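Chemist: Based on the hints, put chain V in the right spot on chain U.
The chain contents come next:
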Amino acid sequence: MVETGSISIFLAFIISIYVLVASIYGVKTKKWDFVRSAENGAIAVLFLLIIATIALLHSLINLDFSLKYVALNTSTDLAMIYRFTSLWAGQAGSLLLWSLVLSIYTAIVVLQSRNKDRQLMPYVLATLATVSIFFVGIIAFVESPFEKLPFIPLEGRGLNPILQNAYMAIHPLTLYFGYVGVTVPFAFGMGALLSGKLGDEWIRYSRKWALFAWTFLSIGLLLGARWAYLELGWGGYWAWDPVENAAFMPWLAATAFIHSVMIQEKKGMLKKWNMSLIIITFFLSIFGTFITRSGIISSVHSFAQSDIGPLFLGFIAFILLFSFGMFLYRMNDLETENSFDSILSRESAFIFNNLLFLGAAFAVFLGTIFPILSEAITGNKILVGPPYFNRVNVPIALVLIFLMGVGPLISWRKASFKNLVKNFLYPILLAILTVIALLAFGMKDVVALISFSLCAFVTGTVFTEFFRGTRVRVKRGENFLLAFMRLVSRNKRRYGGYIVHIGIVLIVIGVTASSVFVTEKQATLARGESMELRNYNLRFDGLKQYTTDAKNATIANLTLFEGGKQIDTIAPEKNIYKYEGNREINQETEVALRSTYKDDLYIILSSFNEDGSATIRVMINPLVNWIWAGGLVLVLGAIVTMWPSRSKSRQEAFIRYTVRDDDNPIKAS
Amino acid sequence: MLKGRLKFIIAIAIIVLTVSYLVYGGVKDTMVYYLTVEELKAQVPTVYDSRVRVSGTVVPGTIIKDTNGALEFQITDGTQIIDVAYDGIVPDIFADDVEAVVEGVYAKNDVFEADTLLAKCPTKYESTDSLYENKETSY
Chain U
5 MVETGSISIF LAFIISIYVL VASIYGVKTK KWDFVRSAEN GAIAVLFLLI IATIALLHSL
65 INLDFSLKYV ALNTSTDLAM IYRFTSLWAG QAGSLLLWSL VLSIYTAIVV LQSRNKDRQL
125 MPYVLATLAT VSIFFVGIIA FVESPFEKLP FIPLEGRGLN PILQNAYMAI HPLTLYFGYV
185 GVTVPFAFGM GALLSGKLGD EWIRYSRKWA LFAWTFLSIG LLLGARWAYL ELGWGGYWAW
245 DPVENAAFMP WLAATAFIHS VMIQEKKGML KKWNMSLIII TFFLSIFGTF ITRSGIISSV
305 HSFAQSDIGP LFLGFIAFIL LFSFGMFLYR MNDLETENSF DSILSRESAF IFNNLLFLGA
365 AFAVFLGTIF PILSEAITGN KILVGPPYFN RVNVPIALVL IFLMGVGPLI SWRKASFKNL
425 VKNFLYPILL AILTVIALLA FGMKDVVALI SFSLCAFVTG TVFTEFFRGT RVRVKRGENF
485 LLAFMRLVSR NKRRYGGYIV HIGIVLIVIG VTASSVFVTE KQATLARGES MELRNYNLRF
545 DGLKQYTTDA KNATIANLTL FEGGKQIDTI APEKNIYKYE GNREINQETE VALRSTYKDD
605 LYIILSSFNE DGSATIRVMI NPLVNWIWAG GLVLVLGAIV TMWPSRSKSR QEAFIRYTVR
665 DDDNPIKAS
Chain V
102 MLKGRLKFII AIAIIVLTVS YLVYGGVKDT MVYYLTVEEL KAQVPTVYDS RVRVSGTVVP
162 GTIIKDTNGA LEFQITDGTQ IIDVAYDGIV PDIFADDVEA VVEGVYAKND VFEADTLLAK
222 CPTKYESTDS LYENKETSY
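Sequence lines, in order, name chains U and V. Each residue of the first sequence is one higher than the last, beginning at 5 in the working numbering. Each residue of the second sequence is one higher than the last, beginning at 102 in the working numbering.
Chain U on its own, in the form it takes in the complex:
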């Protein structure tokens, strides 16, 4: 199996080179047979990488410790499911997964469009093949997952216990689907630049793929946040750690892109901007992989460090030079077809949205690389921590939420005063009422007040949209529910987008509440003693120890009272993993979490003493569950948006309709 695996990777590398050469040669000389064979080559790469992945999985599941990768990431006491997920626990496996996902996407692109756009597609394929050459090359020659050890250890090092968690099992996977997904819209952008076919095709394909990648990046970020919250035990879900930022930056750029493509589709504007944005998004995605994988920026959870840094830097430099070079070469073909009419218009709301998202991405980027930058320039290593990121991003986020409320209701081209009053009166009233109500309840924090009122404003505008659309249909005689369903299903992109916005609102509410209103307390309790926190009371009922095959656990038994009434029992744990070998991390603090829609009780057993007393740290984090609920709503909205239409003709008809609706004479191609 091992030989099969490494041979497959090597072949995948060779064929990727062939795909690049054959597709370019084929399209340049119009020998379409070469293009066809390049397409088949892309599918062969997929099959080869599937074989390589199965070979590695086979070794992991059967604990073949002669392989370095297996010995480093598994052990005989590792549960079957984590033997499987250790495929992406280490460096080489992660890169194999990256390559595999890329080859899946490439195959889908090939199958979906092999008979369309004969000029554009070969270049798209060539771009994808170039990225594939880089990643497959690394696992073929530098970081092979099939590297053998000079001896066979009896026992492997085992998987870090904090990675043995259901969220960690799927979080990297979703994140990779997102990271790699960004490659496809980039490839379409490059395809358009290389072929000179800068019409609507590339933007249409790119939009769908960008939305797909964006959805997975969002899920990946949220799962990562949830994992950090449950496992890292400091009570938060986001720390502006370089590895988190690595995923957040492409998300910000991709968010800007999926908004601004709408302007190009509807108005033929922002062509240069969109092209630059997708290049930047791809750059940030590769850069993110680079900082996660190279360990160049010290991070608490950089799970892998190695010497692939220079290779990545070279690749990043190549991408930037080549793509912006092509961009300058085609600059004149990217002229806008329309110009802006008024600052009070939907177009300009989109522009401001884009500038702010990019500004946030830039600020995060700068903060992330600041230690390297400052050391290179001044010789001193200077860090900027969470306070920096919060100070910069909170105001930007608040303005963005405001724009999220404005965008859907403001008119295209030029909004009149009448239009503004008609559309925004009720949402603004709702926002004001929210502030008054919160002040009446005694809330004094200014940022929270602004944030919550903006959330109310956005909710108001989104509901106005749903309500108006449904009412029009109801007037035509449809019943309410049917009218609502048809409204959404006839116009999935628009209303799916609004559902995503509602998801974001829920997340913002959760993030605001849980970062502004945390209550925290630590106490050392003897058996029978209690601690009080807000209206909760926690009684410590003593320690209990138990042993399983894998660990020695110590539990603190706690009884929770609210307003004098017993409501729950809680048991945070501290585990020492049994292991006779030399696993480097054998201690794990297991947080006890009591989660309701209103607040989370986050309880950690900090330490315990021989006299039976225990130090307990308790946090009350309000509304954290709203974040995860918002994530579900976001995914639902994204699915609605991406759901394929029953018939293509209807969708086409809709696009033309919108264009005419806007008095827009464009749409030549």
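Be aware that one or more of the hints could be misleading.
As the list claims (entries may be wrong) - Below 27 Å or equal to it, Euclidean Cα-Cα: the simulated BS3-like pairs (lysine-lysine) are: (1) U:212 to U:496; (2) U:426 to V:108; (3) U:35 to U:152; (4) V:108 to U:270; (5) U:120 to U:34; (6) U:418 to U:548; (7) U:602 to U:496; (8) U:201 to U:270; (9) U:422 to V:108; (10) V:142 to U:548; (11) U:35 to U:201; (12) U:448 to U:422; (13) V:108 to U:418; (14) U:525 to V:166; (15) V:166 to U:276; (16) U:270 to U:422.
As the list claims (entries may be wrong) - A few chain V residues that face chain U, going by a derived Cβ cut-off under 10 Å, partial list only: (17) 106; (18) 112; (19) 116; (20) 120; (21) 123; (22) 127; (23) 140; (24) 142; (25) 154; (26) 158; (27) 189; (28) 192; (29) 195.
Hints in this document: simulated from the structure, not taken from any laboratory. In this text the structure is predicted, and so the values were computed from the model without any measurement. By construction, the Cβ of each residue, glycine as well, lies at the ideal position given by its N, Cα and C atoms.
Modeler: Chain V only, in chain U's frame:
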């Protein structure tokens, strides 16, 4: 038309300037020097009471935990040693010989009062050193 364009330029300029200002102010007010123990000691009178981040290896046997969960320990870079006091969440991998990163203030009594404690694994993650201890026979 020209007036409209000017409005746009002004609005965009405002956004760009505001973001730049936020970044600049954010960096200026929150930046923290990252020092080794030796560098910290070298800057001794001036470094007192300013916020810094220091990394070093935990000196074995110096970790003292009081019953309230507060910690005292020493870190070293091989040449110099400093005392650290910390009260807060202790990372699971924190132990003798790990590389600890502390952030806080170096007080005039020469104790580093940390409010953040991070710990890194003693060896590189992908190191195979530990596997050698477990080998039975070479082949």
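Chemist: The structure should be examined with respect to each hint, and the outcome stated for every one.
Modeler: Tested hints:
1. The hinted pair formed by residue 212 of chain U and residue 496 of chain U meets the criterion: a straight-line CA distance of about 13 Å does not exceed 27 Å.
2. For the suggested pair residue 426 of chain U and residue 108 of chain V, the alpha carbons sit about 24 Å apart, so the restraint of at most 27 Å is met.
3. Taking the CA atoms of residue 35 of chain U and residue 152 of chain U, the gap is near 43 Å; set against the 27 Å cutoff, the hint is violated.
4. At roughly 23 Å between alpha-carbon atoms, residue 108 of chain V and residue 270 of chain U fall within 27 Å of each other, so this suggested pair holds.
5. For the hint linking residue 120 of chain U to residue 34 of chain U, the alpha-carbon distance of about 15 Å falls within 27 Å, and the restraint holds.
6. Pair hint residue 418 of chain U plus residue 548 of chain U does not hold up; C-alpha atoms about 69 Å apart against a cutoff of 27 Å.
7. About 32 Å separates the Cα atoms of residue 602 of chain U and residue 496 of chain U, which puts this hinted pair outside 27 Å; it is violated.
8. For the proposed pair residue 201 of chain U and residue 270 of chain U, the alpha carbon gap of about 18 Å is at most 27 Å, so the pair holds.
9. Taking the CA atoms of residue 422 of chain U and residue 108 of chain V, the gap is about 21 Å. The hint holds against a cut of 27 Å.
10. Of the supplied pair hints, the one linking residue 142 of chain V and residue 548 of chain U is violated, its CA atoms being roughly 45 Å apart against a limit of 27 Å.
11. Between residue 35 of chain U and residue 201 of chain U, the direct Cα distance comes to roughly 19 Å. Compliance with the 27 Å bound is thereby established for this hinted pair.
12. With a C-alpha separation of about 35 Å, the suggested pair residue 448 of chain U and residue 422 of chain U falls outside the 27 Å cut-off, and the hint is violated.
13. For the given pair, residue 108 of chain V sits about 14 Å from residue 418 of chain U by alpha-carbon distance, which is consistent with the 27 Å threshold.
14. Note on residue 525 of chain U and residue 166 of chain V: the hinted pairing holds, with a Cα-Cα distance of about 18 Å set against a maximum of 27 Å.
15. Proposed proximity of residue 166 of chain V and residue 276 of chain U is contradicted: the alpha carbons are some 60 Å apart, above 27 Å.
16. With a C-alpha separation of about 24 Å, the suggested pairing of residue 270 of chain U with residue 422 of chain U holds against the 27 Å cut-off.
17. Contact between residue 106 of chain V and chain U, as hinted, is supported at the beta carbon level, the nearest pair being about 8 Å apart and thus within 10 Å.
18. The criterion of a C-beta within 10 Å of any C-beta in chain U is met by residue 112 of chain V, whose closest approach is roughly 6 Å, and the hint holds.
19. Hint status for residue 116 of chain V: holds, given a least beta-carbon distance of 5 Å to chain U, under 10 Å.
20. Interface restraint check for residue 120 of chain V: the shortest CB-CB distance to chain U comes to about 4 Å, inside 10 Å, so the restraint holds.
21. Hint on residue 123 of chain V holds. Least Cβ distance to chain U is approximately 4 Å, under the 10 Å limit.
22. For the restraint placing residue 127 of chain V at the interface with chain U, the shortest Cβ-Cβ distance is roughly 4 Å, inside the 10 Å limit, so the hint holds.
23. For residue 140 of chain V, the shortest C-beta to C-beta distance to chain U is roughly 9 Å, which falls under 10 Å, so the interface hint holds.
24. Contact between residue 142 of chain V and chain U, as hinted, is not supported at the beta carbon level, the nearest pair being about 16 Å apart and thus beyond 10 Å.
25. With its C-beta approaching chain U no nearer than about 6 Å, residue 154 of chain V sits inside the 10 Å limit, and its interface hint holds.
26. For residue 158 of chain V, the shortest C-beta to C-beta distance to chain U is roughly 15 Å, which exceeds 10 Å, and the interface hint is violated.
27. With its C-beta approaching chain U no nearer than about 8 Å, residue 189 of chain V sits inside the 10 Å limit, and its interface hint holds.
28. Using the Cβ-Cβ criterion of 10 Å, the hint placing residue 192 of chain V at the interface with chain U is satisfied: the shortest such distance is roughly 8 Å.
29. For residue 195 of chain V, the interface hint holds, since its Cβ comes within 10 Å of a Cβ in chain U; the closest pair sits about 9 Å apart.
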